[in-house]
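K.L.:
Assemble the complex: chain A is given as a structure, and chain B must be docked to it using the hints.
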Amino acid sequence: MLRVTGLTKRFGGVVAAREVSLEVRAGEILAVIGPNGAGKSTLLNLLSGLLRPDAGRIEFLGQDITHTPPEVRAWKGLGRAFQIVQPFHEMTVRENLMVGALYGKPGTSLKAARQVVEQVIELTGLASKAETEAGELTLLEDKRLELARALCTQPKLLLLDEVMAGLRPAEAMEAVELVRRTQASGVTVLFIEHLMPVVRALADRVVVMDYGQVIAEGPYEAVAANPKVREAYLGRSA
Amino acid sequence: MMLAGVLLFLALVLPGLPLGQWRAFTLDTAQFAFLISGLALAWDLLARTGQLSLAHGAFFGLGAYAAALSAPALGTIPALLIGGAVAAFSSLLLGLATLRLQGMYFAIATLAFSEVMRTLVLKAQFTGGSIGLPVQPAFGGAYPLGGYYLAVAVLAICTAASLLLSRSRFHYAMTATRQGEAVARVLGVPVVRVKLLTFTISAFLAGLAGGVYAMKTLFLSPYDAFGLGRAVEALVIPIFGGLYTTTGPLLGGLIIVSLETWLRLRIGEGYLVVYGVVLVLTILFLPKGLMSLFARRKGARHA
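Protein chains in written order, with the numbering used here: chain A, 1 to 238; chain B, 1 to 303.
Bound conformation, chain A alone (with noise of 0.2 angstroms):
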């Protein structure tokens, strides 16, 4: 579905993706870990197109999209909800939702995109808090609102970075739920995650990050034991 090769970003001196090549296939749930400033964020950044690489070629479902604006990208279907909450803090949970319902495909209708909005409120539990502004919602219903809003540009890739961050355990454990039901859906999946417990429920298959490298890949059990990962990530953050 997604396919990555030679990914490179450099910012001056550092060297944030070093020539990243991963996959992400049909209908799974990728998880990508890694220590902070590994270059994870830096690498759903340049997915979803925010940032451009200085080499490398990003796929997907076949096309060439390395040079491709971001509105673009979500059109073809690449959804990403963002680490740091960035709602529309002037506009009801309900109107935020429009936005990426009416503009994530293109010609969809007002009509149509009320019902995808009315879907995905359903789906994510934001009934309750649909009339209210963003900006006063708590930092659960932020997070909802976040993944709420990337599902209605109803993707069929969609990248979360960190959306578990911040939250209790019992929370986490409900939006890893609504991560399943999401993927239920028909809709594949790419997060990135801090909490192991998350990754090991959630995840088919992992990526490790370091140094803006992959260091290791294959399922958690795998990944877990490899030496290389423990030394990079388990070992300095012990």
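Honestly, the hints are just simulated from the structure, not real lab data.
It is possible that part of the hints are untrue.
[What the hints assert, rightly or not] DEER-style ranges, computed between Cβ atoms: (1) A:G186 - B:R193: 29 to 37 angstroms; (2) A:I84 - B:L17: 53 to 61 angstroms; (3) A:S109 - B:L279: 52 to 60 angstroms.
[As the list claims (entries may be wrong)] Chain B is nowhere near these chain A residues, computed Cβ spacing over 10 angstroms in every case: (4) T8; (5) V14; (6) R25; (7) N36; (8) S48; (9) R57; (10) I65; (11) H89; (12) A113; (13) R149; (14) T153; (15) K156; (16) L167; (17) L178; (18) R180; (19) A225.
[Unchecked claim] If you want a taste of the chain B side facing chain A, the calculated C-beta under 10 angstroms gives, among others: (20) Q125; (21) G128; (22) G129; (23) L165; (24) S168; (25) T175; (26) R178; (27) A182; (28) V183; (29) L187; (30) V189; (31) P190; (32) V191; (33) K216.
Think of the CB as a built atom: it goes at the ideal place given N, C-alpha and C, for glycine as much as any other residue.
P.N.:
Same frame as chain A, but now just chain B:
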């Protein structure tokens, strides 16, 4: 919506009211207020996409000059449309060059644009340069109230554009662009196109108002038509009335222009002081403008 309708109705019947010796003065002031309110509504459209323009005085001036110069050959209505089109076309060029800039940088670019336009009109021959340009009245002066009703029409068009845009799907794109460009793009909003389209519509309306203004004052000079004062007025009014609304700039424009005219009569140039005080007080106590007085609930923005 209701209020806008009532105001437009009043504008239509105003010439028929028994105004006595104040009639000519009232109609003249009202006509000017309608045009400036239209300009403020046009400015507010662009503001909805998060762009602060200081070029709206220049669009107004470009429309004024273009309409004045083409009216003798084309007639009043086509000339006014030419005025709008010239303003729109210049905004398209300016927008293509600058709309990738954000916030302050865009504002400075539009300020530079205003100065360039003023200098061009000042130095050119066919505009009359610094001497100025005499203008024919609307419809060659055939209808005494022609100019007045053109101003009412411009205000109606600006009001309708403002209302329609706030009720359309485009409203979501504009607001999203204003509140978070990167996020809006990731959600599929083509923000550059949204800003460019809004800028063009907004400049067209400003140019239209400028054309009617030219046919009202009957004389244009670069200092008046391209003065920074009008650009400032175009943004002060929506801030005073209530940003991103229709009723705000509409009501704000009528109040500010009336107040200004009255103060000019009373204290001459001193009116600018009072003007400044009113603005400061508004920003301090009514950060959302006059509209916050009317807001029925928190977050009622579609008035």
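K.L.:
Are the hints correct? Go through all of them and say.
P.N.:
For each hint, the structure was consulted:
One distance hint, 29 to 37 angstroms for the beta-carbon pair G186 (chain A) and R193 (chain B), holds here, with the actual separation near 30 angstroms. At about 58 angstroms, the CB distance of I84 (chain A) to L17 (chain B) agrees with the hint of 53 to 61 angstroms. The given range of 52 to 60 angstroms is broken by S109 (chain A) and L279 (chain B), whose C-beta atoms sit roughly 42 angstroms from each other. Every beta carbon of chain B lies more than 10 angstroms from that of T8 (chain A), the smallest distance being close to 22 angstroms; the non-interface claim holds.
Chain B leaves V14 (chain A) outside its interface by the beta-carbon criterion, the shortest separation being 21 angstroms against a cut-off of 10 angstroms. Annotated as non-interface, R25 (chain A) keeps its C-beta farther than 10 angstroms from every C-beta of chain B; the closest such distance is 23 angstroms. Distance check for N36 (chain A) against chain B: the nearest CB is about 22 angstroms away, which clears 10 angstroms, and the non-interface claim stands. S48 (chain A), annotated as away from the interface, has a beta carbon of chain B within 10 angstroms; the closest lies near 5 angstroms.
With a least CB separation of 20 angstroms from chain B, R57 (chain A) remains clear of the 10 angstroms interface cut-off, as annotated. For I65 (chain A), the shortest C-beta to C-beta distance to chain B comes to about 13 angstroms, beyond the 10 angstroms cut-off, and the non-interface label holds. Distance check for H89 (chain A) against chain B: the nearest CB is about 6 angstroms away, which does not clear 10 angstroms, and the non-interface claim fails. For A113 (chain A), the non-interface assignment is contradicted: its Cβ lies about 8 angstroms from the closest Cβ of chain B, within the 10 angstroms cut-off.
In this structure R149 (chain A) is not separated from chain B by more than 10 angstroms, as the shortest Cβ-Cβ distance comes to only about 7 angstroms. For T153 (chain A), the requirement that its beta carbon stay farther than 10 angstroms from each beta carbon of chain B is not met, with the minimum near 6 angstroms. Distance check for K156 (chain A) against chain B: the nearest CB is about 13 angstroms away, which clears 10 angstroms, and the non-interface claim stands. The claim that L167 (chain A) is not at the interface with chain B holds, since no C-beta of that chain comes within 10 angstroms of its own (minimum 20 angstroms).
With a least CB separation of 19 angstroms from chain B, L178 (chain A) remains clear of the 10 angstroms interface cut-off, as annotated. With a closest Cβ-Cβ approach of about 23 angstroms to chain B, R180 (chain A) is found to remain outside the 10 angstroms limit, as its non-interface label requires. With a least beta-carbon separation of about 36 angstroms from chain B, A225 (chain A) lies farther than 10 angstroms from that chain, consistent with its non-interface assignment. Restraint check, Q125 (chain B) versus chain A: the minimum CB separation of about 44 angstroms is more than 10 angstroms; hint violated.
A least Cβ separation of about 45 angstroms between G128 (chain B) and chain A goes past the 10 angstroms threshold, and the interface hint is therefore violated. A distance limit of 10 angstroms between C-beta atoms decides the matter here; for G129 (chain B) the minimum to chain A is near 45 angstroms, and the interface restraint is violated. Interface restraint check for L165 (chain B): the shortest CB-CB distance to chain A comes to about 14 angstroms, outside 10 angstroms, so the restraint is violated. Satisfaction of the interface hint for S168 (chain B) is found here, the shortest Cβ-Cβ separation to chain A being roughly 8 angstroms, below the 10 angstroms cut-off.
Here the hint on T175 (chain B) is kept, as its CB sits about 6 angstroms from the closest CB of chain A, short of 10 angstroms. Interface restraint check for R178 (chain B): the shortest CB-CB distance to chain A comes to about 8 angstroms, inside 10 angstroms, so the restraint holds. Nearest Cβ of chain A to the Cβ of A182 (chain B): about 6 angstroms, under the 10 angstroms cut. The hint holds. Given hint, V183 (chain B) at the interface with chain A, holds; its Cβ is 5 angstroms from that chain's nearest Cβ, closer than 10 angstroms.
Because the closest C-beta pair between L187 (chain B) and chain A is about 5 angstroms apart, less than 10 angstroms, the hint holds. For V189 (chain B), the suggested interface contact is upheld, since its CB lies about 5 angstroms from the closest CB of chain A, less than 10 angstroms. For P190 (chain B), the suggested interface contact is upheld, since its CB lies about 5 angstroms from the closest CB of chain A, less than 10 angstroms. The closest approach between the C-beta of V191 (chain B) and any C-beta of chain A is roughly 7 angstroms, which is under the 10 angstroms cut-off, so the hint is satisfied.
Among the interface hints, the one on K216 (chain B) is violated; its C-beta lies about 37 angstroms from the nearest C-beta in chain A, farther than the 10 angstroms criterion.
The structure fails to meet hints 3, 8, 11, 12, 13, 14, 20, 21, 22, 23, 33 from the earlier list, while all remaining hints are met.
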